[in-house]
Amino acid sequence: MMDALLDGGLALSLPFLAWLVLHTEALSQAVVLFVAMGLMSALAWARLEAPDIALVEAAVGTGLTGALLMHTLSWTEESQAETRTRSTRWLGDALAATVLTAVLGWAVLALPLHSQGLGPMVKARLEESGVDHPVTAVLLNFRGYDTLLEIAVLLVAALGARAVNPRTERPSLETADDPLTGELFRMTTPSVLLLAGYLVWVGAHGPGGAFQAGAILAGGGVVAILTTRVGTPRMSSWQVRWALLTGPLLFVGVAVAPLFSGGQLLEFPPRLAGTLIFIVELALTVSITLVLLMFFPAVRPPKVEHEGTP
Amino acid sequence: MTVLNGLSALFLIAGAGFCLAGTVGVLRFPDVYCRLHALTKVDNLGLGLVVVGLALEAGSWATALKLFLVWFFVLISSAFTCQLIARAALRRGVGAWGGTREP
Numbered sequence: 001m002m003d004a005l006l007d008g009g010l011a012l013s014l015p016f017l018a019w020l021v022l023h024t025e026a027l028s029q030a031v032v033l034f035v036a037m038g039l040m041s042a043l044a045w046a047r048l049e050a051p052d053i054a055l056v057e058a059a060v061g062t063g064l065t066g067a068l069l070m071h072t073l074s075w076t077e078e079s080q081a082e083t084r085t086r087s088t089r090w091l092g093d094a095l096a097a098t099v100l101t102a103v104l105g106w107a108v109l110a111l112p113l114h115s116q117g118l119g120p121m122v123k124a125r126l127e128e129s130g131v132d133h134p135v136t137a138v139l140l141n142f143r144g145y146d147t148l149l150e151i152a153v154l155l156v157a158a159l160g161a162r163a164v165n166p167r168t169e170r171p172s173l174e175t176a177d178d179p180l181t182g183e184l185f186r187m188t189t190p191s192v193l194l195l196a197g198y199l200v201w202v203g204a205h206g207p208g209g210a211f212q213a214g215a216i217l218a219g220g221g222v223v224a225i226l227t228t229r230v231g232t233p234r235m236s237s238w239q240v241r242w243a244l245l246t247g248p249l250l251f252v253g254v255a256v257a258p259l260f261s262g263g264q265l266l267e268f269p270p271r272l273a274g275t276l277i278f279i280v281e282l283a284l285t286v287s288i289t290l291v292l293l294m295f296f297p298a299v300r301p302p303k304v305e306h307e308g309t310p
Numbered sequence: 311m312t313v314l315n316g317l318s319a320l321f322l323i324a325g326a327g328f329c330l331a332g333t334v335g336v337l338r339f340p341d342v343y344c345r346l347h348a349l350t351k352v353d354n355l356g357l358g359l360v361v362v363g364l365a366l367e368a369g370s371w372a373t374a375l376k377l378f379l380v381w382f383f384v385l386i387s388s389a390f391t392c393q394l395i396a397r398a399a400l401r402r403g404v405g406a407w408g409g410t411r412e413p
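Going line by line, the protein sequences match chains A and B. Positions 1 to 310 (the working numbering) are the ones given, in order, by the first sequence. Positions 311 to 413 (the working numbering) are the ones given, in order, by the second sequence.
Honestly, the hints are just simulated from the structure, not real lab data. The structure presented is a predicted model; accordingly, all values stated were derived computationally and were not measured. Possibly wrong hints are sitting among the right ones.
[Stated by the list, open to error] One side of the interface only, derived from the structure: several residues of chain B facing chain A at Cβ under 10 Å:
#1 Phe339
#2 Leu379
#3 Trp381
#4 Ile386
#5 Ser387
#6 Gln393
#7 Leu394
#8 Arg397
[To be verified] Over 12 Å on every C-beta distance to chain B, these chain A residues come out as not near it, computed from the model:
#9 Asp132
#10 Ala224
#11 Ser236
Every residue gets a Cβ at the ideal spot worked out from N, C-alpha and C, and that includes glycine.
Only chain A is shown next, with the shape it has when bound in the complex:
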């Protein structure tokens, strides 16, 4: 009964919050509502018994994205009122919603009625993977190439973020005389490091791993950028480039190594699998942290002069 109430509340509040985010005129309110929606969807993932996704949603989808949006807000002027009339917008929305509902409904109806998914297969071979947690086993052993390609995508995303906002000067600290924000950095850093280390370690037998740990570390990094004189990592520095490449290079190395001893790509020997996965996760944590930090601009970009504006 209580569970049904909770799930019902989540199921109703998520679309309502999403609608509010889209229809709020003030950008600052929309950002706050977006963060609230992220927390709700993290709760929804937790209720769906997917704690790994709930952790990532809370850390990346809500925490880091929220910080990015807030930071962007600080140099954005509030938008002008919509020029299009209400009725045409409403019509377009209704049409898009209908089409989306139809497509999603068709996808749900097309699912097989009785299917156990890949769960039993994973469970049957879990012992050979070297870890006890099925999600980690799938991500880094059974379907390791997915994760490998994801890391490559993240690297490209970091390049894109730097291309859009290449300035990496150290921020002029408005709050240099402010003891509070520096204190926040000093107080949170030890627990952030501890939590990230715990998450990498726990990935072998519970929800956690490189992505979650990287997101937590990047969150700590964002606090550092905002409250201390540390700037965004520079792409021009060799250390940063090598740190970015640590995860992918090590992963590719581990993936290719079995080829030389007659194995398949990404085929870990069962005896070494646990150790190899842990090393790869550690290296990936370094890269993911830096990639996520690269998204966060330390300084506001120079004011763009719009044509026609006085």
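Please arrange chain B on chain A, whose structure you already have, making use of the hints.
Showing chain B alone in chain A's frame:
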């Protein structure tokens, strides 16, 4: 239903009551500073009571400790954000409520 269950339920209900009171405060109080007061103080107490209620039901010391850690970190972050929001409001010249009811 044991004594422990009943005690836990009492704490949970009290915590929920405080959270509700805090939310009513955020909606009804006249200015930023009063609202911050309601939000941080009352909600922190409400969360603390909920954590105590849950810890009684947790069944293991490790889980109870983790719950109290959650409360501890929320306390820290809400103390800092309260100060930061209040100062940002002061810098932008948001005045404090004078004491008379707004029309």
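Inset, instruction - Could you check the structure against the hints above and give me the numbers of any it violates, in ascending order? - result: Hints 1 and 3 are the ones this structure does not satisfy, whereas the remaining hints hold.
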